[in-house]
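K.L.:
One line per chain: the protein sequences are L and W, in this order.
For what it's worth, our numbering labels the leading residue of the first sequence as 1, then goes sequentially.
For what it's worth, our numbering labels the leading residue of the second sequence as 1, then goes sequentially.
Among these hints, one or two may not hold up.
[To be verified] Each computed EDC-like pair below joins lysine to aspartate or glutamate, with the alpha-carbon atoms no more than 20 Å apart:
| no. | chain 1 | residue 1 | chain 2 | residue 2 |
| --- | --- | --- | --- | --- |
| 1 | W | Lys311 | W | Glu263 |
| 2 | L | Lys66 | W | Asp202 |
| 3 | L | Lys174 | L | Glu306 |
| 4 | L | Lys93 | W | Asp46 |
| 5 | W | Lys234 | W | Asp158 |
| 6 | L | Lys178 | L | Asp297 |
| 7 | L | Lys260 | L | Glu306 |
| 8 | W | Lys245 | W | Asp184 |
| 9 | L | Lys265 | L | Glu286 |
| 10 | W | Lys386 | W | Glu367 |
| 11 | L | Lys96 | W | Asp202 |
| 12 | L | Lys264 | L | Glu307 |
| 13 | L | Lys291 | L | Asp269 |
| 14 | L | Lys178 | L | Glu251 |
| 15 | W | Lys286 | W | Glu372 |
| 16 | W | Lys195 | L | Asp98 |
| 17 | W | Lys381 | W | Glu367 |
| 18 | L | Lys92 | W | Asp193 |
| 19 | L | Lys278 | L | Asp230 |
| 20 | W | Lys3 | W | Glu180 |
| 21 | L | Lys92 | W | Asp202 |
| 22 | W | Lys250 | W | Asp183 |
| 23 | W | Lys234 | W | Glu308 |
| 24 | W | Lys286 | W | Glu378 |
| 25 | W | Lys314 | W | Asp375 |
| 26 | L | Lys102 | L | Glu251 |
| 27 | L | Lys99 | W | Asp202 |
| 28 | L | Lys34 | L | Glu14 |
| 29 | L | Lys256 | L | Glu307 |
| 30 | W | Lys344 | W | Asp261 |
| 31 | L | Lys96 | W | Asp193 |
| 32 | L | Lys93 | W | Asp202 |
| 33 | W | Lys50 | L | Asp98 |
| 34 | L | Lys102 | W | Asp202 |
| 35 | L | Lys93 | W | Asp193 |
| 36 | L | Lys265 | L | Glu241 |
Source of the hints: derived by calculation from the structure; they are not laboratory data.
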Amino acid sequence: MAKPVTLKELSKKEILLASGHRLCAGCGAPIVVKMVLLASDYPVIASNATGCLEVSSCISDYTAWKIPWIHNAFENAAATISGVETMYRSLKKQGKIDKEIKFIAFGGDGGTYDIGLQSLSGAMERGHDMLYICYDNGAYMNTGIQRSSATPFGADTTTRPAGSVVPGKTEQRKNLTKIMAAHNIPYAAQASPSHWADLVRKVRKALEIPGPKFMNIISPCNRGWRSRTDDAIMLSRLAVETCYWPLYEIENGVTKITFKPKEKKPIVDFLKPQGRFKHLFKPDSEELLRKIQEDIDREWERLQKEEACFSS
Amino acid sequence: MAKIVAVTGNEAVANALRQVNPDVCAAYPITPQTDMMQRFSSFVSDGKVKTELILVESEHSSMSACVGASAAGGRVITATSSQGLALMNEILYIASGTRLPIVMPVVNRALSAPLNIHGDHSDAMYARDTGWIQLWSENAQEAYDNTIQAFPIAEHIDIRLPVMICLDGFIISHSIERIEYLDDEQVQNFVGDFKQLYPLLDIQHPVSYGPLILPDYYMEFRRAQAEVNTKVSKVVLDVASDFEKLSGRKYGLFETYRLEDAEIGIVILNSAAGTTKDVIDEFRNKGIKAGLLKPRLYRPFPYEETGEALKHLKALCVLDRADCFGSSFGPVYSDIAASLYPFKDKPVLVNKIYGLGGRDYLPEHAEIVLNELVDIAETGKVKSYKEYIGVRE
Ligand SMILES: Cc1ncc(C[n+]2csc(CCOP(=O)(O)OP(=O)(O)O)c2C)c(N)n1
Ligand code: SF4
Ligand SMILES: [Mg+2]
Numbered sequence: 001m002a003k004p005v006t007l008k009e010l011s012k013k014e015i016l017l018a019s020g021h022r023l024c025a026g027c028g029a030p031i032v033v034k035m036v037l038l039a040s041d042y043p044v045i046a047s048n049a050t051g052c053l054e055v056s057s058c059i060s061d062y063t064a065w066k067i068p069w070i071h072n073a074f075e076n077a078a079a080t081i082s083g084v085e086t087m088y089r090s091l092k093k094q095g096k097i098d099k100e101i102k103f104i105a106f107g108g109d110g111g112t113y114d115i116g117l118q119s120l121s122g123a124m125e126r127g128h129d130m131l132y133i134c135y136d137n138g139a140y141m142n143t144g145i146q147r148s149s150a151t152p153f154g155a156d157t158t159t160r161p162a163g164s165v166v167p168g169k170t171e172q173r174k175n176l177t178k179i180m181a182a183h184n185i186p187y188a189a190q191a192s193p194s195h196w197a198d199l200v201r202k203v204r205k206a207l208e209i210p211g212p213k214f215m216n217i218i219s220p221c222n223r224g225w226r227s228r229t230d231d232a233i234m235l236s237r238l239a240v241e242t243c244y245w246p247l248y249e250i251e252n253g254v255t256k257i258t259f260k261p262k263e264k265k266p267i268v269d270f271l272k273p274q275g276r277f278k279h280l281f282k283p284d285s286e287e288l289l290r291k292i293q294e295d296i297d298r299e300w301e302r303l304q305k306e307e308a309c310f311s312s
Numbered sequence: 001m002a003k004i005v006a007v008t009g010n011e012a013v014a015n016a017l018r019q020v021n022p023d024v025c026a027a028y029p030i031t032p033q034t035d036m037m038q039r040f041s042s043f044v045s046d047g048k049v050k051t052e053l054i055l056v057e058s059e060h061s062s063m064s065a066c067v068g069a070s071a072a073g074g075r076v077i078t079a080t081s082s083q084g085l086a087l088m089n090e091i092l093y094i095a096s097g098t099r100l101p102i103v104m105p106v107v108n109r110a111l112s113a114p115l116n117i118h119g120d121h122s123d124a125m126y127a128r129d130t131g132w133i134q135l136w137s138e139n140a141q142e143a144y145d146n147t148i149q150a151f152p153i154a155e156h157i158d159i160r161l162p163v164m165i166c167l168d169g170f171i172i173s174h175s176i177e178r179i180e181y182l183d184d185e186q187v188q189n190f191v192g193d194f195k196q197l198y199p200l201l202d203i204q205h206p207v208s209y210g211p212l213i214l215p216d217y218y219m220e221f222r223r224a225q226a227e228v229n230t231k232v233s234k235v236v237l238d239v240a241s242d243f244e245k246l247s248g249r250k251y252g253l254f255e256t257y258r259l260e261d262a263e264i265g266i267v268i269l270n271s272a273a274g275t276t277k278d279v280i281d282e283f284r285n286k287g288i289k290a291g292l293l294k295p296r297l298y299r300p301f302p303y304e305e306t307g308e309a310l311k312h313l314k315a316l317c318v319l320d321r322a323d324c325f326g327s328s329f330g331p332v333y334s335d336i337a338a339s340l341y342p343f344k345d346k347p348v349l350v351n352k353i354y355g356l357g358g359r360d361y362l363p364e365h366a367e368i369v370l371n372e373l374v375d376i377a378e379t380g381k382v383k384s385y386k387e388y389i390g391v392r393e
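Isolated chain L, as found in the complex (with noise of 0.2 Å):
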């Protein structure tokens, strides 16, 4: 079992990740990867896919990173640790190695839902003992704030900019935490950097668990969201207390909701503070907002009923 999560304990540990990398101020990435770092009792190694964190952690010769960490390309984040892990567990099986690693794969979402869902979907199938962590900003933010199959219904951005007639983006995100869950893996969670004792409990959990472990992590990035550069958390927050980014697992095929809002916030709370969604504010875009609500809505009751089928 994972050891319960305490503050203190957690600020006794070391930080993972160097202060002086050069992630924009406020961004909500270096946040998540410090925490899940944090969470881990074992040594880690990590791959990371190209994107923000990837370009802003590790420019020649300096690197924030205080674990061993590859980079390789932008669609392989989960194939690289892979091949790590294999050659772990080929050492480990000749006694040339004996230690207790883990091993942890940063992508983004265009990394990760797009062009990497290949790479990511063989490495969980072939069930190499890894964790995948998508830090999900909603947008290719590194090529500055295009739009991926993450990006929110409605939402602005360069490549499918709100204009006069094309109100942002318009279709529906992808649901990859499900889509991952899918592959009959152990555990598939979602997790918020606002709920931190959430996201760690699940970290742990994981890395406990044998096997490949998927987890989707909501990471503000205030230059695309149009948002304050202090409003990481409170924009996470927000998410979830709106159902937005429910936190829940899904661990050998059980769902469980691990945080219910007692009161759930109408989604304009989450929408109005990013600049992102500002479009959807002028007059006649009720509609448009309607459509959100309802969205969001219909999907919140979807798992709750899914946990449900499991808690008879």
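Fit chain W with the ligands to the supplied structure of chain L, relying on the hints for placement.
P.N.:
Using the frame of chain L, we list chain W with the ligands on its own:
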């Protein structure tokens, strides 16, 4: 003691890989390579190797996993052909730029479109500038020997670069030939142990692989990589000389056949060299001084040595089993032309494209080329500098 067997090229290479006994192998099927990795997988299933297999979902992931596994710290192999090599393209550069000594047999096959599964050199030729070392093989014996030599070359402390071993699809991969195998123990001793320099798995000494390097230092990195390439020839020759002591078989940067006193010559890669040598013998019997040069180390290309070996000829034809569209000449032709350029006296140089998509290369093709070279040598007149042969025009 050497063991003499009758096996296909794929079987011989798979056996060499078994004898090397790597730590990790990534595999994905593609004709005509498939059967090589199938055979290797059987070695894994039967406990004949310690290797951990990664049965990836694509060649892109195959090379990506190889990069991860090699950086982790151990010996890594994969194998491919054609579309598979094309799909790996992006990561081939990352393997060489990261200086990872991955070893990969490439069973040469044509590229789409149109789809074709048969042997030509388009695949490895497109990959010739990816920073990989390329060793080319005329027959199954050479493919076997090159595979074993690839490891000490790739892993040499001055080199640390990935190596491709090229052999012709079907013509060599699927034909049965007489081969001399070394003993497992001889191969084991020859390749020795491999120690990665900065393994990711050394958690006591954390390292970062794959940095972003901006204009302030990128060029110095590339310059250093170019410098490493200048050291490859010597290592290839040193390894060949050790290998000769073990096997009695001699290898160089290239093979020359009746070239020293020749007046006309052919440069040709891989299996077609065998056919060409027979026809050269016939011409020699007629009193015509013909010779051949067959590149072995094609990347990095030994320009100086190659030019030196060819400069005395009057007329020379480079036969390419791939074309470079949009360029005037085939890939090998361009390299041979560059190797001869520094010399004041040099042969008249022509280029023929042959054997694409598995089209047979026949003795009569070599005869046509040699007769044409005889004419050029006598008259100095060239009817065409580049031409397709064995084709319906
Ligand atoms: C094969 C390939 N295609 C495109 C790119 C360009 N590219 C680099 S990072 C990036 C966006 C990354 O987006 P995401 O994965 O969401 O991470 P983020 O930057 O948002 O953190 C793109 C498109 C690339 N490096 N490689
Ligand atoms: S653009 Fe966004 S994701 Fe990228 S570093 Fe800045 S805040 Fe972070
Ligand atoms: Mg993103």
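K.L.:
Hints first: check each against the structure and report whether it holds.
P.N.:
Hint by hint, here is what the structure shows:
no., hint, in the structure
1, W:Lys311 to W:Glu263, "10 Å, holds"
2, L:Lys66 to W:Asp202, "13 Å, holds"
3, L:Lys174 to L:Glu306, "18 Å, holds"
4, L:Lys93 to W:Asp46, "16 Å, holds"
5, W:Lys234 to W:Asp158, "10 Å, holds"
6, L:Lys178 to L:Asp297, "17 Å, holds"
7, L:Lys260 to L:Glu306, "14 Å, holds"
8, W:Lys245 to W:Asp184, "16 Å, holds"
9, L:Lys265 to L:Glu286, "17 Å, holds"
10, W:Lys386 to W:Glu367, "17 Å, holds"
11, L:Lys96 to W:Asp202, "11 Å, holds"
12, L:Lys264 to L:Glu307, "17 Å, holds"
13, L:Lys291 to L:Asp269, "15 Å, holds"
14, L:Lys178 to L:Glu251, "12 Å, holds"
15, W:Lys286 to W:Glu372, "15 Å, holds"
16, W:Lys195 to L:Asp98, "17 Å, holds"
17, W:Lys381 to W:Glu367, "18 Å, holds"
18, L:Lys92 to W:Asp193, "16 Å, holds"
19, L:Lys278 to L:Asp230, "19 Å, holds"
20, W:Lys3 to W:Glu180, "5 Å, holds"
21, L:Lys92 to W:Asp202, "13 Å, holds"
22, W:Lys250 to W:Asp183, "18 Å, holds"
23, W:Lys234 to W:Glu308, "17 Å, holds"
24, W:Lys286 to W:Glu378, "16 Å, holds"
25, W:Lys314 to W:Asp375, "11 Å, holds"
26, L:Lys102 to L:Glu251, "19 Å, holds"
27, L:Lys99 to W:Asp202, "10 Å, holds"
28, L:Lys34 to L:Glu14, "10 Å, holds"
29, L:Lys256 to L:Glu307, "5 Å, holds"
30, W:Lys344 to W:Asp261, "19 Å, holds"
31, L:Lys96 to W:Asp193, "12 Å, holds"
32, L:Lys93 to W:Asp202, "16 Å, holds"
33, W:Lys50 to L:Asp98, "17 Å, holds"
34, L:Lys102 to W:Asp202, "13 Å, holds"
35, L:Lys93 to W:Asp193, "17 Å, holds"
36, L:Lys265 to L:Glu241, "6 Å, holds"
Hint compliance for this structure: every hint is met.
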